[in-house]
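Peer 1: Take a look at the letters that make up each chain.
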Amino acid sequence: MDVSKYAALFLAESREHVSACNQLLLEWERDPGAVEPVGGLFRSIHTIKGMAATMGFTGVADLSHRTENLLDALRHGRAAPRPETFQLLFRAVDALGRAIEGAGTGSEPPADEVLGSEIDTAAGATVGDQRPGAIAPSANQTRPVQVTIRSGALMRGARASLVLRRAEAMGRVTALRPPAAQLEREDFDGRFSFRLESEASDDEVAAALCTAGDVEAIRFEQTSPAEAAIGIRGRQIRVDLGRLDALMKQVGELVVAKNRLIVLAAAAQDPLFEELSDRIARLVSGMQGEVIAARMAPVGEVFDRFPRLLRDVARDLGKRIRFDMEGEEIELDRSILDEIGEPLLHLIRNAADHGIETPERRTASGKPAEGRILLSASRERNSVALRVSDDGRGIDRAAILAKARREEMADASVETLTDDLLLRVLARPGFSTAEAVSGVSGRGVGVDAVMTRVRALGGTLDVKSEVGRGTTFTIRVPLTLAIVRALLAVAGNERYAVPLAYVAETVEFDPGAVTSVRSREALLVRDRVIPTVHLRHLVAGAAGPAPPRRPTIILEVGDRRTALVVDALMGQQDIVVEPFDAPRGMPPFVGGATILADGAPALILDAAALL
Amino acid sequence: MSHTVLVCDDAIFMRTMISDILAQAGFQVVGEAESGVQAVEKYHQLKPDLVTMDIVMPDMGGIEAVREICKTDPEAKILMCSAMGQQALVVEAIQAGAKDFVVKPFQPSRVLEAVQRVLG
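Protein chains in written order, with this note's numbering: chain A, 1450 to 2060; chain B, 213 to 332.
Just so you know, the hints here were simulated from the structure itself, not pulled from any lab data.
Between beta-carbon pairs, the in silico distance windows are: (1) B/P270 / A/A1457: 50 to 60 Å; (2) A/S1965 / B/Q257: 48 to 58 Å; (3) B/A295 / A/D1651: 35 to 45 Å; (4) B/H256 / A/D1897: 51 to 61 Å; (5) B/M272 / A/P1960: 38 to 48 Å.
The beta-carbon is built from N, C-alpha and C at its ideal position, and this holds for glycine as well.
Just chain A, same shape as in the assembly (with noise of 0.2 Å):
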């Protein structure tokens, strides 16, 4: 049989199981007494070292029967978990991993043998040589439970959210799948499943959960990585991503094709023809919809790696910190979703090199000897916030303050740094001088490169930060890249688009509302006072005076608002983002460009960097 045309198969689905490897290992080097990680991690390797077999590739079937071989004796009490023992098995899925990924290419890598012997001697290894105390079980054991609601049962999405409400009573609720949102679709088969941080026994969170009422089963173990990345069974398939790409510009294309259509039907005053492009139009934002809705992701995925590589940052460190992650479920758009794990990585390790204190200094201040990283994801409107959070030293102002004022990005009459003014300085390029690393903690590395990629998918970088008390970085992208509905304005003879994502409103300008904040002019709405910026004044060619009425659109990106003044409104469209290389000289707030209606070009503007 030949079996190569399933290589891209296993490749998935083996790195899969390697992640969650990764996710149980973690999770069992926290909790060694706990039975269920080694359990589930037996099961993946064992599914691995079959496919490997099937495939004919025997140093990744090798490796895995020998890691197998040690968790099992784990699982049977014949050989103790200890700090090296995980070591070794971190070090054996990182082997796996690259082998895995050397035989899917066609290059499997040589097989290790002092690492597969290591593995051998720790199986071989008896219960004898465990060292008093190694294995600490918690008190508050974290345990995946799995739920099924009768099938007969009416309004399961209910249902399971009673059960989810009971489960929360008795501790903390993590990692729900499916996630919530779609636990009330019409779909939802009523199997479910989450992990739960609870002193209960198990047959006390058995007892609690089944008071909800019409629950068939509970079990107390893993969903296997292969049942859990299907979420809802059997109503998933894999497609080539590249596909899905086609799709989108094809949609795109006819978006756009849509746009024009809308414009001729209503210059045709004909009935007939009207109706018939009314009707293209809504099945044409209904299948970009769907489009949009299969290339959405959780983010999650791109999460799901930064447990362990924050572990290994922290180990050699020599740091204490604790890693928390919240809204794995939030779906991205795919292309930012793979863009969005390097400015996240590189913000985590920040926080962990440069925010988290050693254990003797946070003790020394009275904090707990563990940090605490949080990165969380949360849907904001249009958009989702990606933010980094640390609890630790926080950003010394005054020394970046004299540093701004050193390259004149401040001058000697501002005596306090603003989170902006913070963010100006930080991310300015070469700002991880060895100067400001020694003085001011190093606090900047990367935030330029971060704050350019984060810029380039049309997203912003916001940082908040308070001495002593630690750092938070929010990172806001819009939910999806390709197409985005937008106002359009217009400034002189040019027409501008503005992606609803960071409209808050649009009001009209009245002269009787202008104020000034900080010797710049301000409007006053519903007693906010709100920097203004005129369109006509930033760009060229706005020539004549301008209109007696001015509508305003007032830009909200997280927290900071800008009223953009402009001379006219011209209605909401979908407009395609064309991939846009900012020729030489392009002002700073142009983020793209983009074909409209009547075929005419406009520029998109950036809303954060009109703020």
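Fit chain B to the known structure of chain A by using the hints.
Peer 2: This is chain B only, laid out in the frame that chain A set:
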């Protein structure tokens, strides 16, 4: 002593039916409310062991009423009465503090099962 119940629904038909089901099972229906506002008032006044609450009612809907009641009494035992297709609302009610739900059309056995679960 039998458990006391407050029945909240804007339709007399539904109130009568629920009251009958519960009365036949030995519960004591101590009050009825036909709006969310009334439900909150009567809850505080009667302190019933159990409340059945319709989702859609005039003058403050059922979900808002659950929220109000749970504000002062988070342990209030409230059973939501919903119709097919209201799943999102039921989930919202549960998040607001409702302890269980039944789906119309009611089967007496289902209603009583849910009531037993809520009363624990």
